[in-house]
Amino acid sequence: MDARVVYLVLMLSCSIIFSYINGVEGGRKLSKKEDMEFERQLKLLNKPAVMSIKTEYGDIYDCVDFYKQPAFDHPLSFPKGVRKNGASLEAKPLSIGLKGGGCPFGTVPIRRTTKDDLRRAKSFSEIYAGNMGTLTKERPGYHVNPTLYGDNLTRLYTHWAAGEAGCYNTQCPGFIIVNTRIPIDLVFQKTSVSGGEQIEMGFFIYQDEKNGNWWLNLGINGIPIGYWPKRLFTNLAVSGFFVGWGGEVVSPPDLPSPPMGAGLVHVDDPAYAAYCRQIMLVNEAHQSIRADHTIMYGDVHHYYDLNDVGDEGIYWGHYLMYGGPGGYKGD
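Taking the working numbering, the leading residue of the sequence shown gets 315, the next gets one more, and so forth.
A couple of the hints might just be wrong.
Only pairs whose alpha carbons sit at most 25 angstroms apart, straight line, appear in this in silico DMTMM-like list of lysine to aspartate or glutamate [said to hold, decoys possible]:
#, residue 1, residue 2
1, K357, D387
2, K436, D387
3, K544, E478
4, K347, E370
5, K413, E370
6, K436, D349
7, K429, E351
8, K436, D465
9, K504, D583
10, K429, D349
11, K504, E370
12, K346, D431
13, K643, D379
14, K361, D379
15, K643, D613
16, K436, E353
Don't read these hints as lab results, they were simulated from the structure. The structure presented is a predicted model; accordingly, all values stated were derived computationally and were not measured.
Input sequences plus hints: build the corresponding full structure.
Following this line, the structure appears as structure tokens:
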């Protein structure tokens, strides 16, 4: 059995201090050509809505017919055998979801895109393209990204990449949403307090053995949020070969990197660090296996610390901690 061949990936309960993207707001005036291109993109991304929900943070989520969501604009995203799901996430350990029950059955919540969103996304891709890598990958989590959203709020996110293609959330056709109540870029109202209450979210990524699609489930009960169609990924069509747990920070070369976790130099207490616990793999036989052969990796050790603790019993399982004060400036 090759332990590198991973059909399912379980990352259960990471503290909500995950990744931070440092950036600057503002920008130049759009050219006429850019403005016309953004208008074209808005018509593609913002679909007709059955109803709309505005959050307390100013985001507007349109309840779009399941089969009309942006993901199905991708020529390889065929809606065969997909299922609609009206489930919602459990209230503990973290309550998340649109108020009022979310969208009606048969529709899914899609955050309404504005021209400013497109401008920020373009700026983000220009600044950080070199940091995102070219690997074929799918990545969920939660982050603070003022460059992408124009705020400092903690949000759920998904990202996928296959060669030069890929994007965050629903900014391009790719990730297919099935949940009526939990958008993939929703704001988390509660986050961990350094030395105090720790807020967690469980992530479960697995490849469906019947159709090869890669599903994202949240919470201990594994509530389906959506999936990445198998056809998006040539290298992930059969299985995955590498799995990573942890956090990251990104900033432009002329700005210091932001803190991670509680911002402490050393991470030896989960009450003062970001952490992931109960990290596991499920192999090609769909059996849960320990993530024993892990390798620690950090690229700026003087600014961020990583502690792969190992197995610490039933509650923690195999867990790791990470964090640091930041302050690094790229060469």
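Worksheet item: Failing hints, ascending?
Response: 4 and 13
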